[in-house]
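Chain S: place on chain D using the hints.
Here's the letter readout for the chains.
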Amino acid sequence: MLRTLGDHPEKYESRSRRSVIRALPGTGFTGSFLSFVYPAARFIIPPADTEQTAREVKAANAADLNPNSGLIFKFGTRPGLLLRTEKGEWRAFTAICTHLNCTVQFRDDTRQIWCACHNGLFDENGRVVGGPPPEPLEKYAVNIRGEDVMVSRQS
Amino acid sequence: MSLKEQLKPWFEERLGLEAIREFIAHKTVPVHSATIWYYFGGITLFLFVIQVLTGILRLLYYRPSPEEAFASVQFIMTKVEFGWLVRSIHSWSANLMVLTAMIHMFSVFFLRAYRRPRELTWLSGVALLFITLGFGFSGYLLPWNEVAFFATKVGTDIAGTVPVIGSFLVRFLRGGEEVGGATLTRFFGFHVAVLPGVTTLLLLFHLALVQKAGISSPNHDPQPR
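Chains as they are written, first to last, in numbering that gives the first Met the number 0: chain D, 0 to 154; chain S, 0 to 224.
Bound-form chain D, shown alone (with noise of 0.2 angstroms):
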């Protein structure tokens, strides 16, 4: 013996009460879909804080570089140039070049930051001494701890 679900009676006792039990569930469907589409929508809306870049990362060990030279590190998701002069005094800038983004370079022979793809020159605090590039370098500030060289971000 077969029953079908949904074989409903379809009397009712009047049309007001009928419309007002029809909301009921809809407020409540409507409600619940509400609670799902509001996170969501809040995922999807990318947060304040959205690169993972770091604000202070270790560019290397203090013993790894000589005076008079630099290298290449991850600063978050960009590259940074660490060098020490002559002096052995540690500065720190951003690794992209304000021409057109490539990586510039440390050159021990003339003592200047160099970007290989248009020859833009900098000197050692990041100032623009020759070349295409518009504005001097990012400066990062550097804090020796023990045998950690610490960069962070000025400001």
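Simulated from the structure, these hints should not be mistaken for lab results.
Ideal Cβ placement from N, Cα and C applies to all residues, glycine included.
You may find that some hints are simply not true.
In silico DSSO-like pairs for lysine-lysine, Cα to Cα no more than 27 angstroms straight-line [what the hints assert, rightly or not]: (1) D/K73 with D/K57; (2) S/K78 with D/K73; (3) D/K57 with S/K78; (4) D/K138 with D/K86; (5) S/K211 with S/K26; (6) D/K138 with D/K57.
In silico negatives: residues of chain D with every beta carbon more than 10 angstroms from chain S [as the list claims (entries may be wrong)]: (7) P46; (8) A59; (9) T109; (10) N118.
Relative to chain D, chain S alone:
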């Protein structure tokens, strides 16, 4: 005439929704299908939909590279609003889906629903169960933490014990000799592209067969061959 009344026949003529409505309204279902053992296929399907939706959300932030995978999961958990919720739902729903799929399989088995003419429904269901386990195995590596790494190492090592093709199988799964970055991108590809595609096709086949044959009755003996 209201806009709705004008649009209705236009869509009706092109979509034939009335026939579908009629079919749903008068579909007969055996009364015993309202017992709990007949629920679990539907619950598994529901959990699969949850997995697809939360999985798509997580794809917006997850990065499948050995350098970034772990950090991007931390990012979802701490920085993205409701990221903890979406990730936890994906994880819980994954575990529950394996459970409900298992219960579904045993229900079908003990209620003898696999019998003629439903053998293909049973076989496609077993394939779907194995794919669900494949989803779990590939998804477990993606957080790229220590436990994920070693679970995958042990898991893929087991594949190496298969006679003759074992060593090839390990190489195929790992994308190299050892578990590494190649394994991660490979498992990611399996998890978000290969398995969902295969699952969708098999699932449509499985559900179409359920629709075609109707719900089985354990007391009704199929005709002898």
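Cross-check of the supplied hints:
1. Pair hint D/K73 plus D/K57 holds up; C-alpha atoms about 9 angstroms apart against a cutoff of 27 angstroms.
2. For a cut-off of 27 angstroms, the pair hint linking S/K78 to D/K73 stands: about 22 angstroms separates their Cα positions.
3. A C-alpha spacing of about 23 angstroms is found between D/K57 and S/K78, which places the hinted pair at or below 27 angstroms, so the restraint holds.
4. Distance restraint check for D/K138 and D/K86: the Cα-Cα separation of roughly 19 angstroms lies within the 27 angstroms cut-off, and the hinted pair is therefore satisfied.
5. Straight-line distance between C-alpha atoms of S/K211 and S/K26 comes to about 12 angstroms, which keeps the hinted pair within the 27 angstroms bound.
6. Restraint check: the Cα-Cα separation between D/K138 and D/K57 comes to about 16 angstroms, which is no more than 27 angstroms; the hinted pair holds.
7. Separation of D/P46 from chain S is inadequate, the least Cβ-Cβ distance of about 5 angstroms not exceeding the 10 angstroms criterion.
8. For D/A59, the condition that its CB be more than 10 angstroms from all CB atoms of chain S holds, with the nearest at approximately 18 angstroms.
9. The claim that D/T109 is not at the interface with chain S holds, since no C-beta of that chain comes within 10 angstroms of its own (minimum 33 angstroms).
10. Chain S leaves D/N118 outside its interface by the beta-carbon criterion, the shortest separation being 32 angstroms against a cut-off of 10 angstroms.
The structure shown violates just one earlier hint, number 7.
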